[in-house]
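Participant: The primary structure of each chain is shown beneath.
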Amino acid sequence: MHKFLASIKKESLQLLRDPGGLIILFLMPVILVVTITLIQDSTFKSVSGNTIDILLVDNDKGRLSAEIQKNFNEISFLNPVSKIKDVRITEKEASRLVASGKYQLAVVIPEGLTSDLDTQIEKNINKILEEFEGTEDTAKVEAVQEKLSHKVVKLYFDPITQETFRSSVIFSVDKLIASIETKSIYQAFEKELGESESLQSFNRDQFVKYEQINPSLSGEDNLPNSVQHNIPAWTLFAIFFMIIPLSLNLVHEKGQGTFMRLQTTPVNYLTIIGGKGFVFLFVSLVQFTLILLIGVYLFPKLGLPNLEISGYIGLLYLVALSAGLAAVGLGVLLGTLFNTHEQTAPFCAVLIIILAAIGGVWVPVFVMPKTMQIVAKISPLNWGLEGFYDCFLRKGSFIDILPEIGLLIGFFISTIVIAIIYYEKKKAV
Amino acid sequence: MGAPIIQINNLSKQYQGADFKSLDNVDLSIHKGEVFGLLGPNGAGKTTLISILCGLIKPTSGEVHIGDKTFHQDHKSIKKIIGVVPQEYALYPRLTAKENLLYFGSMFGLPKSELRPLVSLHLDQLGLLPFADKKIKTFSGGMKRRVNLIAGILHKPELLFLDEPTVGVDVQSKQAITEKLKQLNKDGTTIIYTSHHLREAQELCTRVGIIDSGRIIAKDTPTSLISSTENARNLEDVFIELTGKELRDYA
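Order-wise, the sequence lines are chains A and B. Here the first sequence stands for residues 1 to 429, numbered as in the working numbering. Here the second sequence stands for residues 1 to 251, numbered as in the working numbering.
FYI, nobody ran anything at the bench for these hints, they're computed from the structure. Be aware that one or more of the hints could be misleading.
As the list claims (entries may be wrong) - BS3-like cross-link-like pairs, simulated, lysine-lysine; straight-line CA separation at most 25 Å:
id	chain 1	residue 1	chain 2	residue 2
1	B	Lys58	A	Lys425
2	A	Lys254	B	Lys137
3	B	Lys112	A	Lys3
4	B	Lys135	A	Lys254
5	A	Lys61	A	Lys191
6	B	Lys58	A	Lys426
7	B	Lys69	B	Lys219
Claimed, not checked - Every beta carbon over 10 Å from chain B, so not counted as near; a handful from chain A, in silico:
id	residue
8	Lys102
9	Lys151
10	Phe171
11	Val286
12	Leu298
13	Glu342
As the list claims (entries may be wrong) - So these bits of chain B aren't anywhere near chain A, every CB distance computed over 12 Å:
id	residue
14	Leu123
15	Gly127
16	Pro130
17	Thr178
18	Lys219
19	Ile226
20	Glu241
21	Thr243
C-beta: ideal position from N, C-alpha, C; glycine also.
Kindly produce the complete structure, drawing on both the sequences and the hints.
Facilitator: So, in structure tokens, the structure goes:
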């Protein structure tokens, strides 16, 4: 214990006397989390916060195009622009503006949309009513069968727009046009049948609606926000970034001769790495605390949603501690395997990025291909992320996070055991 | 002559991938109270032999007994009685001299109450007490060498290994180090010492062994070696006579 405490003191002093290293350890993760959350939150807002200007080319100039424009105005994330410098936009101009990237989307309403849709609906209604009344007029039926050409609403997308944005716009436009068509059909019926009381009382509201529910394991009402999503992912990334300074610390020690001196003392390898691991684990928990405080107090001041941590803070620290242990284990193993700075730094940096990518830090695991979803299960970042999500988003209990913390601690033990075995074998060279 | 504290029998070492033996059937006895100088040209096998004796690497074949134990049997007990002063400054540059020494002393299980006065004593004896709370990175080469020596002797080892302890230091530091080594030996520490400073070895060592190509080619007291070598006036003449004038560059 005396040796272990001396090791902790030595590592702490070394760390405290390296201001550059401290800045990297504490400031960089904070910058990372704040930057990524701000970027991701603004991306989220750009899709949901009525902030994207879209070009609207109105070749119809009728009742329907006016209706479409009115409805576009009501879609929260779209701002239709039909004139530039008081000049109506043409399809050619819109195509050019979208292709040049100045606008992400242009909607072109075809000429004669109102009149053709009215005609089509009128014909369909006439046919239905005549079938009802049994007064089928051959001439009228033929007229109905005279097909009008389909009207195409063209959507020009900037090539850089992502598939999710396109799907969202297409879904909204499709829904809008379907609702206008339905409304027109009602109006045509009213016109044909006369404006009776019964028709006036038609409920034109959408009958089938949907309700968004975010279930939690605790059964509480739970509405996650972008901060709730981002903080766990990037905090975990920051915790695992610790493998770089930790492994470099071990490699550096081997290079400067102090490690050789330690090998000649009656101290075991576990004590040497234990002192380092303890200090770096403590650093990871301080990092975590710092990021939580930033999420709770700084984020609202930056216009970001508040980080909600009340009620499950103990579980969060348990996951952070387990993730920190896993990172310590990995850092110790890599520091034991490698001998030079040149081997260690790039390998560790790329490894963290790979583990983060396959672990679902950047892209959620459920949208990954099936094979990658299986691969994701081997990333300790995925275990940590699931543990944090169990707390932050699913409001789970200790039992819910037990599998994840079990895996993380198991990973820690395995990496430390491998490191010790490798170290002992290497001495035999 | 006392009982052997180190007994080496048929010791060989061939590193993985190497096509030659770094040590080739070495037999050597070093007795309690000796200052044994291990001398040889670059690549002769000195560092390999010292590394095996310190338990840093394992031999390919042969036996090493430290006292009545082998590393295989009880490496912890052996490590408690040996001290090592490596050629590099094996110190933490961001820690002070005192912090470095307290840390390395702790690794031998010495309690703080015992360590603190011991550290101050050694620092004082080697003229470093005024600099005890200064960081190692601010020290000169000679000062670092002296702290390096203290770090290896804090636990009063029975057996002290020194690898070029005076390389690259000024005359004053060299003098202080050799005086300290003489004092340690007088107090009962057996010293095994490698150096290229043959005059220093001649002055300090009670016995020397000359190693070349992994073999001990001569071992005796400096005086006996000089007298038994034709036209030799000092240990350097003996060394040249035995190992030749050929340059020993290796990579």
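Participant: Failing hints, ascending?
Facilitator: none
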